[in-house]
Each structure stands twice: as structure tokens, then as C-alpha cells.
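Please work from the sequences and hints to get the whole structure.
Chain by chain, the residues:
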Amino acid sequence: MGEVKVSNKQVVIPGEILAEGMDYVPTGAAYREEDKILSMQTGLVEVSNRVIKVIPLSGPYFPREGDTIIGRISDVLLSGWRVEIDMAYEAILPVKDAVNEFVGRGADLSKYFDIGDLIFCTVSRVTSQMLIDLSMKDRNSRKLFGGRLLSIAPVKIPRVIGKKASMVAMLKNATGCKVYVGKNGLIWIDGEPKMEQVLANALQMIDEQAHTSGLTERVKKFLEKETGNKIGDNDEFQQKN
Amino acid sequence: MMSFSKRTDGRSLTDLRPMEAKVGVIDKADGSAYFKIGNTAAYAAVYGPKQMLPRFMQDPRRGVLRCSYSMMPFSGMGERVRPGQNRRAKEISMVTEKALLPVVDIEKFPNSVVDVFIELPQTDAGSRCAGITAAALALADAGIPMKDMVSSVACGKIDDKLLVDLSYEEEAFDGEVCDIPFAFMHNSGKITLLQGDGVVDTDSLLKLFDMAKEAAGKVYEVQKNALLEKYKVEGDLDADQ
Amino acid sequence: MLTSKNAKLHLAKYLKEGLRYDSRKLDEYRDIKIETGVSNTAEGSAKVTLGKTEVIAGIKLSLEKPYPDTPDSGNLMVEVSLPSLASPEYESGPPGIDAIEFSRVVDRGIREGKVVDTKKLCMEPGEKVWSISIDIVVINNDGNIIDASGIAAMAALLDTTMPKVEGNTVNYKEKTKDRLPIDSWVVPATVHKIGEHFLVDLTCEEEEASDGRLTLAAKEDGRIYALQKGGDIPLTKEDLATMLKLGLDSGKKSLARLKEVLK
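Chains as they are written, first to last, in my numbering: chain A, 1 to 241; chain B, 1001 to 1241; chain C, 2001 to 2263.
Derived by calculation from the structure, the hints in this document are not laboratory data.
All C-beta atoms in this analysis are idealised placements derived from N, C-alpha and C, irrespective of residue type, glycine included.
It is possible that part of the hints are untrue.
[To be verified] In silico DMTMM-like pairs for lysine to aspartate or glutamate, Cα to Cα no more than 20 Å straight-line:
1) C:K2173 / B:E1169
2) C:K2175 / B:E1169
3) C:K2175 / C:E2064
4) B:K1090 / C:E2091
5) B:K1050 / A:D75
6) C:K2193 / C:E2101
7) B:K1050 / A:E90
8) B:K1050 / C:E2089
9) C:K2008 / C:D2027
10) A:K5 / B:E1221
11) A:K36 / B:D1105
12) A:K194 / C:D2022
13) B:K1147 / A:D35
14) C:K2259 / C:D2249
15) A:K9 / B:E1229
16) C:K2193 / C:D2027
17) C:K2008 / A:E192
18) A:K96 / A:D114
19) B:K1108 / A:E90
20) C:K2008 / A:D117
21) B:K1230 / B:E1020
22) C:K2008 / A:D190
23) A:K53 / B:D1105
24) C:K2173 / B:D1009
25) B:K1022 / C:E2101
26) B:K1108 / A:E33
27) A:K194 / C:D2027
28) C:K2033 / B:D1027
29) C:K2052 / C:E2207
30) A:K172 / A:D117
31) A:K194 / C:E2017
32) B:K1108 / A:D86
[Unchecked claim] Label-pair distances were calculated between CB atoms; the ranges are:
33) B:E1020 / C:M2123: 36 to 42 Å
34) C:D2098 / A:K178: 33 to 39 Å
35) B:E1020 / C:K2114: 35 to 41 Å
Shown next as C-alpha cells:
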């Protein structure tokens, strides 16, 4: 009873009917309306057993606790900072979650983080009214000096990171650049100009081909060609973030 | 007074003018589309969800959809159209918003706004319909959650003939004419836009509903292809790596 | 989009090595794509893309009273509009100072360069002349709007055919074979200074790091018909000389490209 109307890896559009009947469970961008399962966004279908998932191919970033993101300090407050995170809402970085030493009342917080500073941090709390708190307590959190900030659709970030962080490690090792990837779609890079160019082009490739298979191999070949370095298959990729 | 017998461009009463559509045409936008039907063309760009300003327009329960329709100064059939929204443009902006609102789901983004901007470089009747069609495409391209697609087309009556997708020349016919723009939600077949300009009787109007629904289905196919086209994998990506 | 606080310093590292974020040289434009006849309601039109920057210029003609100080010449007006459609930075509402500046700079180049022989646009001295409205609408902003707008305006003017006149009114539905009386070709070229380096055709990201700019509008022979200095930093005479040379060279290349497309 019930019928799946789409196949695995098929691209579907909003409102497209994915299945009929009550046998299936929708997840991701798929939703149920009475006896039908439909898609809410343009995305890739993933069918396994009785779960029908739609992985969106575009769409706004939705913050979750534990997400590591990149933000920019937009204001210095009395007990923390306001941070822009490239979405509809600004976040708050409370001083107690940002600085290890004791900070007296009335202290000038701008000496820790000033307006315009970029930070790599963690989402510590999200309320239903979209009040977002950040924390710098994780050992990978830090201020990002200089560098270049790139932007990619948040839904493609998992492809930039890769399985077990393999893609981002490959990008770092091949180009020797520092790379910080924010789940909010911001990517910070810093390295030698020629290597940064290669890295930016590789990221462009991932952006354009995020929905395809065999991408990792193609990126690897591209990096090898552009940097002249061979990338080992069995390299242990050290991934810190 | 001549009676209306035949369409000047050789179309049948139920033929739409040739259509074309493309998504992702405006790089800076979160989603975008271009839709052309006959000689009427529309660009649409979506920005958001982002912070809604002015603050007093924020809705704490859900995001707000805000549409803005505008004709480029050289897009009118006669003299130059002065820039800035005139009353007609403001009304069209409002009905466009109402045509899309029933399918857009931005409950997860309180106090935010999703802005849709529509600009037309050339018009030949059916411009608000082209705008709505392009806007729905742009929203789908941006990944704004939508329960269904919306497709829009105008139908009308000239003398005693019922027709689909009137051109400017047909609208200007010297006799009894009415022009009825429709917009349909694809799955439910319900209308989200209905306006009328001219003389029509109930019987004809109900017949036009059915004709418009079928025509909107053809518009939907063009919209769907535009979205799928973006993610089509052309040839062998591995070929010249 | 957020940018790094030290964007300027970072770009300087590239410029020192003669590199830019994309693969261009400092004196190189992105590929200039020109397409005419893109709006069939306009009497003449053109779409110009510079990389990801895209603008459409449309010409509308009408019969008006001449300006009181030029009773035997046609009228000309140029307006560049920056619609919210084209960039998250563009705000809704009446034209901001950027749009006004761009409009006036492009206007000066065309007007002072006497691109159109407006004396030939007089139908009845003191009473009725052709009025040319050049509207340039930005579709996507990735920098260098002035140059893109100027090139599009020039191409649109060359694309224009006169509509039929019936008595005192214009019949927009019927076109004649007549073109506008175009005497010369002028396009703007904008040069920026970042630190100690000079570059042309900047993307939005590069424009954020710019210290100052100079736009000039010139003909092929190197005579300059419009100038505009922008940005915060003062320029030396040496800076000016360098920017003028770079601007003139760039302008020549843009004109050559126009010629290539419109031959």
C-alpha cells in the first residue's frame, strides 16, 4: 500500500509529490500532507527503506547548537558582543563564554574583540524566537586575522567539509592554506596568493558540483594539476575543526 | 465595429505564447529567475530571510514576504515609464505577494523578511502573471520553503470567444474585452490570484477558470524544467580533468 | 556579505605579486560581453556583462519642447538606476547618491563628447525636438557599474532606430529605417588606487578595498570629455598621470570591443 513516485538521487522541486500512502516517513525537506509526501524545497531525493529524505540544494542557514560558524563583531556591549553571522539574526557572544580570565565590571571589552573582528566560534544556544548565543570555549575557537572571506550556500558546506573532514583536509594539505569552514556558509582562507587562488577555484568547483557524485576525485585531480603536488590516497588527514 | 475572429499571431484560442525560463541569473541574490512569455519578460530576485527593517513591520510569529514589482523605464509599449512605483505597480506588488503567500512557509524565521524584487525589461500584456511566475521560480531557486509551486497566466474573453494568454494587441481590441489574470497552486488547483479588467459573465468566468488551470499547468512545466536544468549533469564531468 | 576587517591588507599581498583574486592582471578587464536589441519595447537597447556585473541600457524617444537655452537641439538625459534586485546593498526608494553620481558621470561623457548630433534632432525650432532618454538598469552588481553603464549606453544608442512620426505624435508600433545621428563614440573607464597599486574593472570585493578612483570618458583619439575623482584619499600629480594613462588605454580597448561587436 503506498507508492514511491521518485527515485534515489532524483532532483525534485517544491510541491512535487514524492510518495502516496501512509507507509513512508518524510525527513529533511520532505513533508507529509494527509496521505501524500511532498517536497518543500528544490533538492535531491534519498530513499532508504521507508524513509524519504529531500536534501535541499539551496536554502537559508538554520543554526543548531554545536554548529561551528564564522561571525563578525558588530557591536561591543556591556557584558559581551553582538555578532553578525550572515543570516536574518544577530547572535550574542557573552563575555563569560569568550574570555578565560576574570573581566571586571565596566571593563573595556573592545580590547578582547573589537568591531569588525572575525571569529570562529560555536553556537551554544538557539531559542524558538531565534535568540542565538555563541561561545569561544572550544579549543578551535579563535579570532581570524586578515585572510579572505568567501561565501557558499550553507547547504553545500557538508561537501566542503567532506566525510570525516576529508575534503577540507585535502584542500588544506594540497594548498598549504589555513581554512576555517563555518556551517553558516562562510569560509575563511589564508595562505600564499597563488595557493589561495587554487583553493578558491576548488571551492568554486565544489559549489557548482555539490549535487554530483565523484566530486572528491575530481577535486583531488584538480588540486594535483594546479599545485603540482601528488595527493596520497592513504594520507592520514589531521582534522582539527 | 469588427468582430473578433482570429488571433493575429496564428495561435489557437488555447495556445500560450512561446515561453522560456532560467534560474540563477542574478548572482548576488539568494535566488533568482528570468521568465519570458511572448514579448513579456520578467526578472525576479529573492533576498532573505534577512532582518526585517523597519522594525515595526516585524512579525514575531513568522517571517514576512514582501514583493516589489517594477517596470524598467523602457519596457512600456509607448512612452517612457517614469521610474519609481506608481499606483499600478504598488497594486501589482500587493497581489503578487498575496499570490505567493499561501505556499511560502517561513514560520521558522520570525521577525525576518523575504524580499522578492521583480523588474521587467519589456512587456506585451500578461506582465503581472510573468512577474508572479518568475517570483515563484526565484523563491524555489533560493530554497525558501514552499508547500507547492505557483504558476500564473491570464485568460480572457473577446466578443464571444474565450482565450488564453492575451497579447497587448488583443487586450486593446475595439469591442467587448475582458482580461483575467489567474495564478494557481499546482497540486491543489486552487487560485491565489484573480483579477478582472473588462466585461465578463459568470458562465464564461467559470469556463475560463478551467482553461486557465490547464494553461497554468503548461507554465508549471516550463518552471520545473528551468529548476531541473540548473542541476542537470552535462556530459562527462571527469572528461578534461 | 561580511568582509574581513583587513581586506585591504590581504588584497595588497596579491597586488604586490601582480595578482588579483581572479586570474586577471591589474590592467585587465573581465570579458566584455555586449548584446544589442534585448528589449523590444525600447527604441534601442543593449545588455553588457563584465564578468558577473550585468546592466541593460534602453533608449526611449519622444517629441518634446526643447530646453529653453537650446531651442534648436534635441534633448538628452541619462539615468542609471540601482534597483534592489541587483544587490543586497541597493536600497529601495528614490535614487541614492551613488545612482546620481553614476548617472551624471555617464551623462557628461555622452553630452560633452557630442556623441549624438542633437542639432539634427530638431523638428521645429523652439517647439518640437526629439528627446532621448537613456536608462541604464543594473541587473547584477559585481563592481564597475560606471564603465558597464557607459558601454551599454553607447551600444544602445548605436542600436536605436527612429519610430515613425504621424503628424504631431510618435507611432511607437512602427519603426523607420533611420538611426540616431551618432557623431562619435565615447566610453568611460574607471581606475582605482589600492595602496600603491592601480587597477581597473574592480569586482565588488575589490571595490571594498579601494582607496580612491578616477573615471574618465574619452574617445579613441585620447581626448577626455568627462572626469570624476571618487574615494577618500588625495591623489598626487604622479597618481593622476598613471591613472589617466591606464584609463585611456582601457577606454580604447572597450571601444575596440564595441566596434568588434557592432560592425
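Hints, verified against the model:
1. C:K2173 / B:E1169: Given that 20 Å is the threshold and the Cα spacing comes to 11 Å, the pair holds.
2. C:K2175 / B:E1169: 17 Å, holds
3. C:K2175 / C:E2064: At roughly 19 Å apart (the allowed maximum being 20 Å), C:E2064 and C:K2175 satisfy the hint.
4. B:K1090 / C:E2091: Given pair B:K1090, C:E2091 holds - Cα atoms ~17 Å apart, limit 20 Å.
5. B:K1050 / A:D75: Roughly 18 Å separates the two Cα atoms, so the pair holds.
6. C:K2193 / C:E2101: 19 Å, holds
7. B:K1050 / A:E90: The given pair, whose Cα atoms are some 10 Å apart, holds under the 20 Å limit.
8. B:K1050 / C:E2089: Holds, at about 13 Å.
9. C:K2008 / C:D2027: Holds. C:K2008 to C:D2027 sits at ~18 Å (cutoff 20 Å).
10. A:K5 / B:E1221: 17 Å, holds
11. A:K36 / B:D1105: 18 Å, holds
12. A:K194 / C:D2022: 10 Å, holds
13. B:K1147 / A:D35: 15 Å, holds
14. C:K2259 / C:D2249: 15 Å, holds
15. A:K9 / B:E1229: 15 Å, holds
16. C:K2193 / C:D2027: 12 Å, holds
17. C:K2008 / A:E192: 16 Å, holds
18. A:K96 / A:D114: This hinted pair holds, its Cα atoms lying about 16 Å apart.
19. B:K1108 / A:E90: At roughly 15 Å apart (the allowed maximum being 20 Å), A:E90 and B:K1108 satisfy the hint.
20. C:K2008 / A:D117: 14 Å, holds
21. B:K1230 / B:E1020: Given pair B:K1230, B:E1020 holds - Cα atoms ~14 Å apart, limit 20 Å.
22. C:K2008 / A:D190: 14 Å, holds
23. A:K53 / B:D1105: 18 Å, holds
24. C:K2173 / B:D1009: Holds, at roughly 16 Å.
25. B:K1022 / C:E2101: 33 Å, violated
26. B:K1108 / A:E33: 18 Å, holds
27. A:K194 / C:D2027: 18 Å, holds
28. C:K2033 / B:D1027: Measuring from Cα to Cα gives roughly 16 Å; hence the hint holds.
29. C:K2052 / C:E2207: 14 Å, holds
30. A:K172 / A:D117: 23 Å, violated
31. A:K194 / C:E2017: Since the Cα atoms of A:K194 and C:E2017 sit roughly 9 Å apart, the hinted pair holds (cutoff 20 Å).
32. B:K1108 / A:D86: Distance of about 17 Å is within 20 Å: holds.
33. B:E1020 / C:M2123: 36 to 42 Å: Taking Cβ atoms as reference, B:E1020 and C:M2123 lie about 39 Å apart, which means the hint holds.
34. C:D2098 / A:K178: 33 to 39 Å: 35 Å, holds
35. B:E1020 / C:K2114: 35 to 41 Å: 40 Å, holds
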